[in-house]
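2 protein chains.
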Amino acid sequence: MTSSVFKRCSGNPMLTPAQVQPHRPDFEVIGVFNAGTAWYQGEIILLLRVAERPVGWEGGDTRIPIFDTETNKLQIKVIDRTDGTYEFSDTRAIRLKSDSPGTFRYLTSFSYLRIARSRDGRHFTVDPNPFLFPNTPFETFGIEDPRVTQIGDTYYITYSAVSPAGVGVGLAITKDFVNVQRQGLILPPENKDVVILPEKIQGKYYILHRPIGKSIGLPEVWIAESDNLFSWGNHRLLFGLREGKWDDGRIGAGAVPIKTKEGWLELYHGASKRNRYCMGAILLDLEEPWKVLARSEHPILEPEAPYEVDGFFGNVVFSCGVIVQDDEVTMYYGVADTSMACATASLKDILSCLS
Amino acid sequence: MTSSVFKRCSGNPMLTPAQVQPHRPDFEVIGVFNAGTAWYQGEIILLLRVAERPVGWEGGDTRIPIFDTETNKLQIKVIDRTDGTYEFSDTRAIRLKSDSPGTFRYLTSFSYLRIARSRDGRHFTVDPNPFLFPNTPFETFGIEDPRVTQIGDTYYITYSAVSPAGVGVGLAITKDFVNVQRQGLILPPENKDVVILPEKIQGKYYILHRPIGKSIGLPEVWIAESDNLFSWGNHRLLFGLREGKWDDGRIGAGAVPIKTKEGWLELYHGASKRNRYCMGAILLDLEEPWKVLARSEHPILEPEAPYEVDGFFGNVVFSCGVIVQDDEVTMYYGVADTSMACATASLKDILSCLS
Chain A
1 MTSSVFKRCS
11 GNPMLTPAQV
21 QPHRPDFEVI
31 GVFNAGTAWY
41 QGEIILLLRV
51 AERPVGWEGG
61 DTRIPIFDTE
71 TNKLQIKVID
81 RTDGTYEFSD
91 TRAIRLKSDS
101 PGTFRYLTSF
111 SYLRIARSRD
121 GRHFTVDPNP
131 FLFPNTPFET
141 FGIEDPRVTQ
151 IGDTYYITYS
161 AVSPAGVGVG
171 LAITKDFVNV
181 QRQGLILPPE
191 NKDVVILPEK
201 IQGKYYILHR
211 PIGKSIGLPE
221 VWIAESDNLF
231 SWGNHRLLFG
241 LREGKWDDGR
251 IGAGAVPIKT
261 KEGWLELYHG
271 ASKRNRYCMG
281 AILLDLEEPW
291 KVLARSEHPI
301 LEPEAPYEVD
311 GFFGNVVFSC
321 GVIVQDDEVT
331 MYYGVADTSM
341 ACATASLKDI
351 LSCLS
Chain B
1 MTSSVFKRCS
11 GNPMLTPAQV
21 QPHRPDFEVI
31 GVFNAGTAWY
41 QGEIILLLRV
51 AERPVGWEGG
61 DTRIPIFDTE
71 TNKLQIKVID
81 RTDGTYEFSD
91 TRAIRLKSDS
101 PGTFRYLTSF
111 SYLRIARSRD
121 GRHFTVDPNP
131 FLFPNTPFET
141 FGIEDPRVTQ
151 IGDTYYITYS
161 AVSPAGVGVG
171 LAITKDFVNV
181 QRQGLILPPE
191 NKDVVILPEK
201 IQGKYYILHR
211 PIGKSIGLPE
221 VWIAESDNLF
231 SWGNHRLLFG
241 LREGKWDDGR
251 IGAGAVPIKT
261 KEGWLELYHG
271 ASKRNRYCMG
281 AILLDLEEPW
291 KVLARSEHPI
301 LEPEAPYEVD
311 GFFGNVVFSC
321 GVIVQDDEVT
331 MYYGVADTSM
341 ACATASLKDI
351 LSCLS
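From first to last, the protein sequence lines are chains A and B. According to the numbering used here, the first sequence is numbered sequentially starting from 1. According to the numbering used here, the second sequence is numbered sequentially starting from 1.
Bound conformation, chain A alone:
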């Protein structure tokens, strides 16, 4: 494999769908990926995105789970795969053939958040029940890609809330990873890949986010500020695509930024125009985080291992969180929209590959 700043952990993939029980017996787990991370009471927490679908999905019908806010239950919508109206070429989503590229009508699986706990950061025990399960009008298609920021004794969880109304950004808070309170949508559609910086800087909180509009604009990373973590303003474009490079298709924040002497170190994902998702790094000014100081020319990790190349949606490494111990960064990352893996690097080595 290409020499990479990050070294893969020996037990990869660390957590696979086969190791996770579905939330009900007539469903199957098809993805355990894109987990947020936290330290809590001496344990490492992975806040997993678990994707499920009804058993028997492989038949002639596509069965789509949708949360129904009137009955507070999952309803199954059945779409005949021979119905010429629909387009099934993307394993993740279903379009109408008449729709524009890049749009979708339904997702093919249903995601929610679930906790896994570990003492050593390698062997995880998955909680038997969901931690955050869709139950609002903005989550009827699912909850995806959490990031966790600890501020004091409170953990702030951002996530993608997906529904026919759009893909918005939900915020939920917990102090114990048992009880959790939703705080509504902190950013309207369409937005995702949101990380909150872990402390106030000159009196303001900062957030990185990735809006994407219909009529003009690219999937790039923005920064905004807040007094209170719930309301956000002063939105500014922070960093963009790089034409002809590995991150010229779409980018988004990955892990919660790491505070270093040199600046805020953000590990972000970048995809090429052909949807190959790599991880890169960027350094933001400590006191003025809307200023970019340096950026990795090459990926710090790219999909090369078999479990990264093949899967539900292949050629993807996608991190939503790291654990830092002294100089060592353990990056937890989703692979091929299927499983979880991890890789380690020293802070020093990551910083030295920025230019």
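Hints were generated in silico from the structure; no laboratory data involved. Heads up, the beta-carbon is just placed ideally off N, CA and C, and yes, glycines get one too. Hints are not guaranteed to be accurate.
Computed footprint of chain A on chain B; a stretch qualifies when at least three of its residues, placed anywhere within it, have a C-beta under 8 Å from a C-beta of chain A [said to hold, decoys possible]:
(1) 68 to 75
(2) 166 to 177
(3) 186 to 199
With a straight-line cut-off of 30 Å between C-alpha atoms, the simulated DSSO-like cross-links for lysine-lysine are [as the list claims (entries may be wrong)]:
(4) A/K77 with B/K245
(5) B/K77 with A/K245
(6) B/K97 with A/K245
(7) A/K291 with B/K73
(8) B/K204 with B/K245
Position chain B relative to chain A; hints supplied.
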């Protein structure tokens, strides 16, 4: 014409491009429309959207004004109209033929804000110079469709900030309609049609906005809340399209909501799928403005007069502001993306057509 709640003023169109000098002699004014409104020192202010383009645009080239943030000047981009790469069917915007429908690469004109003043609300004097002219990276394609909310002695102006980064929502404030201070983007792309309610309700400010995402979701009206008018959170879908009706294509807030005994009266625009823009009315709960109490079944004004039907972009009535005196509402509105007109109705009559 169809009987309508609103009666057109006799001097319509009230203000046309021929009555406005361009901001420099090699440009021409092609639109004076979609004005926000305010009372200031006994005068009625129209905050006009003025659209200009370089003289000679009708030739073989399309000349596109773009604000350049490096030189702080307008640069003219020239596109050969015989270049088969581009698509010119929309008078307002230029696409690549390979782009998806509903997207654009350039606008065909360049908009900024300019003030007109009147004692009687019918005869306006246009200021000789621009009031708010693009000068940030988010405004390089122009500033559009202002709404003005007075809170105390301060006027809060929301506007569409258009650039290759997207269509975001800018906020600027003034106390005298001479000096004006930008407050950055209060909502990220893609969003427009933003009105701030004129007072706190149970300790919070409220805003109506119209996000539109790339992958899923419709152009519908949302509500959000704030402690300070600069940062916004708790985004919720407020009201949507109505299939088969006049407002089944796209909707957006129009005038700043009017406080009545029955509730907050919002005059909004709704377009059909064929892009015919009408005005309608909706009533929101006084204490819980995220609750819709009633909505007009039919338009309260629809494009029927010749100056509404024909123009730069025809079949459009589009209001960004009203002036209320006792029971009478004077609605100022842009017609055909070309000129300004006005129409009057009693509050009582507007409220009585809601169901």
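The hints, checked one at a time:
| no. | hint | in the structure |
| --- | --- | --- |
| 1 | 68 to 75 | violated (count 0) |
| 2 | 166 to 177 | holds (count 3) |
| 3 | 186 to 199 | holds (count 6) |
| 4 | A/K77 with B/K245 | holds, 27 Å |
| 5 | B/K77 with A/K245 | holds, 27 Å |
| 6 | B/K97 with A/K245 | holds, 25 Å |
| 7 | A/K291 with B/K73 | holds, 24 Å |
| 8 | B/K204 with B/K245 | violated, 33 Å |
Violated hints for the displayed structure, listed by number in ascending order: 1, 8.
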